[in-house]
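Colleague: So you can see what is in the structure, the chains are spelled out below.
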Amino acid sequence: MVRATTKAVAKTKAAPAAKAGKGAKGPVTVIVGTRKGAFLLKSDAPRRTWTQSAPILLGHVVYHVILDPRDRKTLLMASTTGHMGPTVYRSTDRGRTWKEASKPPAFPKAPEGETGRAVDHVFWLTPGHASEPGVWFSGTSPQGLFRSADGGDTWEGVAGFNAHPTKDTWTGGPKDMTPDGGKMHSILIDPRDKRHMYIGMSGGGVFESTDYGADWKPLNKGCEGFGPEPKEYGHDPHDVKLHPLMPDRLYQQNHCGIYRMDRPTGEWVRVGRAMPKKVGDIGFPIVVHPRDPDVAWVFPMDGGSVWPRTSPDAKPASYGTRDAGASWARLDGGLPAKHAYWTVKRQAMCCDAHDPVGLYLGTTSGQVWASRNEGAKWTCIANHLPHVYSVTVAGF
Amino acid sequence: MRVNLSSHFRSYTAGKPAVQATGATLDEALRDLDRQFPGLRFRLVDEQDRVRRHVKVFVNATPVEALATPVVASDELHILGALSGG
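Residue numbers (numbering that gives the first Met the number 0), protein chains in the order written: chain V, 0 to 395; chain H, 0 to 85.
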């Protein structure tokens with residue numbers, strides 16, 4: 000891999016108006032998706048005491064579970080099992096009961112004599128724009144984009160991406176994808192304009208549509224890439240976030256570093272250069288503060304030698320920035336001080352909307368950790384779970 | 000015909016280990032199962048009409064993959080979870 004040069008990190012300030020707003024109050028529910036089912040962790044109002052639910056769909060592989068922020072009671076779950084094909088489960092009562100989608104995401108049947116694609120698993124779920132109740136998007140492996148207009152019960156492919164003539168060039172072959180198949184993730188909807196969307200692909204990169212998914216263009220300039228000649232595609236964003244109050248600001252935890260982009264520029268800046276060299280800036284998740292676009296958190300992993308993908312030096316830590324990536328502070332209070340060989344997957348770190356913000360993460364070793372004070376101090380709130388794939392927050 | 004299902008698939012049949020299906024081919028039998036137990040077929044067969052990688056289907060004692068395989072009412076289907084996972 001050849002590393003391209005990157006520009007110096009520019010210190011920027013968010014617009015004051017973007018920092019407005021008060022924090023949420025009351026109990027939260029952390030929704031945990033694991034390799035063997037889902038669990039709900041419910042807090043008391045101060046978020047000090049947690050109660051764990053019985054497993055939901057024990058034995059099912061759960062990649063992502065998301066609450067619909069528009070009705071605050073519908074949950075969608077991206078699921079498969081070791082034997083059966085992929086599906087989406089829906090709950091309309093905040094997780095008490097679940098029903099399978101009547102038409103899960105699936106590619107079109109190929110013409111006779113041609114080899115068609117089949118969805119192996121649904122990897123990512125995103126609620127649609129606030130103006131479109133019931134609309135959801137999902138990302139699959141192999142990489143496909145799907146849309147539901149009925150709250151996740153039936154799904155149709157977004158042909159503007161799935162049949163795009165350049166899709167196969169963008170995504171590459173098996174050596175350009177994650178070991179268990181390429182993944183469509185980080186489906187982002189601009190809160191100002193439902194037609195403006197981003198997607199992340201591992202591999203492929205970040206792509207943008209301004210016409211509700213009818214066409215897509217790569218948005219990877221500035222990212223260090225693979226191969227001797229980095230291109231506008233073929234990149235590996237692990238997790239991309241758009242700030243809801245300042246949608247022209249994007250953060251990205253990439254396979255090759257931590258980046259920020261402030262539109263209208265179309266170039267990523269490697270803000271991870273400011274991370275300690277011994278830790279590096281490789282990881283899966285990136286989380287943005289719900290009210291302050293200058294604040295974000297990552298959870299680095301070891302991307303050296305053969306890529307162990309465990310915490311650097313076996314000492315897990317989150318790192319937070321309060322100046323849009325110009326500097327980063329280590330946030331490891333309460334986390335294991337040594338001998339901890341786990342990491343945090345891309346869907347497995349999130350925050351609530353309280354003040355101070357609560358942070359939550361799930362580990363590959365089956366623990367869930369919470370911080371009530373924006374990462375300053377962490378507490379283990381669930382242990383002995385299966386490998387955690389997804390951690391999201393619901394305000395109920 | 001009688002269709003025996005391993006435990007993996009019985010959430011669709013209200014826990015029943017064996018159900019009845021009709022059809023002249025494996026495809027028709029699976030579509031009949033899907034009419035009775037909505038959603039089951041897609042968990043067994045992908046959108047390209049391939050039996051999924053970790054699903055094994057037998058007509059009597061013969062393993063089959065092709066959905067066009069002919070079946071008769073006196074046949075017995077076995078739909079099993081293949082060896083996989085961990």
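Keep in mind that the hints were calculated from the coordinates and are not lab data. Please note that a few of the clues may not be correct.
What the hints assert, rightly or not - Chain H is faced by these chain V residues, among others (derived, beta-carbon under 10 Å):
1) K21
2) G25
3) A53
4) P85
5) A105
6) V118
7) D119
What the hints assert, rightly or not - Quick partial rundown of chain V residues pointing at chain H, CB under 10 Å, derived from the structure:
8) M83
9) T86
10) S90
11) A100
12) F106
13) P107
14) T114
15) A117
16) H128
Yeah, the Cβ is synthetic: ideal placement off N, Cα and C, and Gly gets one too.
Colleague: Now tell me if each hint is right for this structure.
Modeller: Quick rundown of the hints versus the structure:
1. K21: 44 Å, violated
2. G25: With Cβ-Cβ at 35 Å, over 10 Å, it is violated.
3. A53: 16 Å, violated
4. P85: Since the shortest Cβ distance to chain H is 9 Å, the answer is holds.
5. A105: This interface hint holds because 4 Å falls under the 10 Å limit.
6. V118: 7 Å, holds
7. D119: For V/D119, the interface hint holds, since the closest Cβ of chain H sits about 9 Å away, which is under 10 Å.
8. M83: Since chain H brings a Cβ to about 4 Å from V/M83, closer than 10 Å, the hint holds.
9. T86: 7 Å, holds
10. S90: 16 Å, violated
11. A100: 8 Å, holds
12. F106: Because about 5 Å separates V/F106 from the closest Cβ in chain H, which is inside the 10 Å limit, the hint holds.
13. P107: Cβ of V/P107 sits 7 Å from chain H, so the hint holds.
14. T114: 7 Å, holds
15. A117: Status holds, d = 4 Å.
16. H128: This hint is violated: V/H128 lies away from chain H, its Cβ roughly 28 Å from the closest one there, beyond 10 Å.
Of the numbered hints given earlier, the model fails hints 1, 2, 3, 10 and 16; all others are met.
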